[in-house]
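Enquirer: In case you want the letters, here they are:
Number of protein chains: 2
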Amino acid sequence: MDKIYRILKHMEIFRTVKKETLQYIAQKGVVKNLKNDSIIYLDGENINKIYLVLDGKVIISKSSKFGEEKIIYIMEKEKFINEECIDNKSTSTSLKVMKEATLIVLCKEDVLFLMENDFNFNLLIINSMSSKLRRAYRQILNLGLKKINNRIASKIWKLGRDHGYEIEGNVHIDLDLSKSQIASMVGCTRESVSRFLTKIENEGIISQSNQKIRILDMKKLEKYNE
Amino acid sequence: MDKIYRILKHMEIFRTVKKETLQYIAQKGVVKNLKNDSIIYLDGENINKIYLVLDGKVIISKSSKFGEEKIIYIMEKEKFINEECIDNKSTSTSLKVMKEATLIVLCKEDVLFLMENDFNFNLLIINSMSSKLRRAYRQILNLGLKKINNRIASKIWKLGRDHGYEIEGNVHIDLDLSKSQIASMVGCTRESVSRFLTKIENEGIISQSNQKIRILDMKKLEKYNE
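Chains as they are written, first to last, in the UniProt record's numbering: chain G, 1 to 226; chain Z, 1 to 226.
Don't take every hint at face value.
Copies of one chain are not kept apart here, so a pair can be met inside one copy or by any two copies together.
Distance condition first, Cα-Cα at most 30 Å in a straight line; then the derived BS3-like pairs of lysine-lysine [stated by the list, open to error]:
| # | residue 1 | residue 2 |
| --- | --- | --- |
| 1 | Lys-65 | Lys-223 |
| 2 | Lys-65 | Lys-220 |
| 3 | Lys-212 | Lys-3 |
| 4 | Lys-219 | Lys-3 |
| 5 | Lys-158 | Lys-146 |
| 6 | Lys-223 | Lys-89 |
| 7 | Lys-65 | Lys-199 |
| 8 | Lys-35 | Lys-223 |
Treat the hints as calculated values from the structure; they're not laboratory data. Computed from a predicted structure; not experimentally measured.
Could you put together the complete structure from these sequences and hints?
Expert: Shown next as structure tokens:
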């Protein structure tokens, strides 16, 4: 418990909350270490749990009744997940592990207790929802208006910004990404992704090997993205 | 002020909040009566206001930098709008009036004061965001996976459910809807909407006149929607 408390205390998001709030989370929260592809919950389940990512990466997605999957977000450290369950409805997305993840699992009741007793913690939950709403609106705009190639370019560019590290001017995306996963993020076919990535590889904008993408020219990629 | 207090007191969403909360809203809120097509705010503005719809209908949309518009939600009575501004960022959508609307405008600071002093009011804000997130996720799934005709069918069906009234087994959608507006909700061209509506009119599923749509067969429409 002391170890978890120390981890929480060093998290940027928690700098304004009460000491007692972090002690409560460390005491009540259950820490889970999860392997790649573990499914944490499925869309429509009655899960009254709220998750906080301590490490690794998880995928929030939604599936059609025919089983097709649309990836909505990739979430990492310091992000809350499933806080929308506070409204007492079932989950509206599925959650699975992309890259070995450590999560703290909290009961909804404990989160409600903290929200009521620490207004700054309450604001963290509100801000987490605001941020998800803003991202969802941008995605709706892109899906509704942009052409498929622009959407793929836009997604690769954002993955570079959010999950990239730079080496000698190139941005390495720190994720193992199959073409199907990119297709599921963009909402298009695997073939469209394959075709477009080959095209921009030939143009010297990216390079690909073993599910890893390196962006060689962020500016040119950004142009496609408009 | 007494009149507003009485209106608020009869609203379903407020049945769990404190009497003082409603008195505070009635005292601090500014009531605005707005005509069709009035623009309340634009995407990217610094508006520290939160709105509550008392009557009428408003459109939440987002625009690309080329000025193309994607309608995200049509909102009506008892809905909060722009509560995501609690995170201190600029607006992430535009808001305009669809059908003469009466809104209460509250400063963000007043909403924060109420959230801190009435936990049930705080939960209303959380529930409002949850509901928007759930709707946004469904929209992302539909935009990402469904074919355009299915998306149009799905949108007409939902408009019937949310804004329809029944006369002799037919569902009249209580909105003046141009083809361009439907296109902007669905994220497709005006021509696609026109073509598909004519098709399902010929199939006896809907009838159209003067921007009004009547659904003659909800079941058949639902089949298109899958």
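Enquirer: What label fits Lys-35 with Lys-223 when the C-alpha limit is 30 Å: within, between, both, or neither?
Expert: Neither way: Lys-35 and Lys-223 sit 37 Å apart in one copy and 40 Å across, limit 30 Å.
Enquirer: How would you classify Lys-219 and Lys-3 at a CA-CA limit of 30 Å: within, between, both, or neither?
Expert: neither (43 Å within a copy, 57 Å between copies)
Enquirer: From the Cα coordinates, with 30 Å as the cut-off, is the pair Lys-212 and Lys-3 best called within, between, both, or neither?
Expert: neither (34 Å within a copy, 63 Å between copies)
Enquirer: How would you classify Lys-65 and Lys-220 at a CA-CA limit of 30 Å: within, between, both, or neither?
Expert: between (38 Å within a copy, 18 Å between copies)
Enquirer: Reference check for the pair Lys-223 and Lys-89, CA-CA at most 30 Å: within, between, both, or neither?
Expert: between (41 Å within a copy, 26 Å between copies)
Enquirer: For Lys-158 and Lys-146, with the copy left unspecified, which applies at a CA distance of at most 30 Å: within, between, both, or neither?
Expert: Answer is both; intra-copy 15 Å and inter-copy 24 Å each pass.
Enquirer: As a check of your reading, is Lys-65 near Lys-199 (CA-CA no more than 30 Å) within one copy, between copies, both or neither?
Expert: between (33 Å within a copy, 26 Å between copies)
Enquirer: For Lys-65 vs Lys-223, is the C-alpha pair at or below 30 Å within one copy, between two copies, both, or neither?
Expert: So Lys-65 and Lys-223 pass the 30 Å test across copies only (13 Å; inside, 36 Å).
The structure fails hints 3, 4, 8 (numbered hints given earlier, in ascending order).
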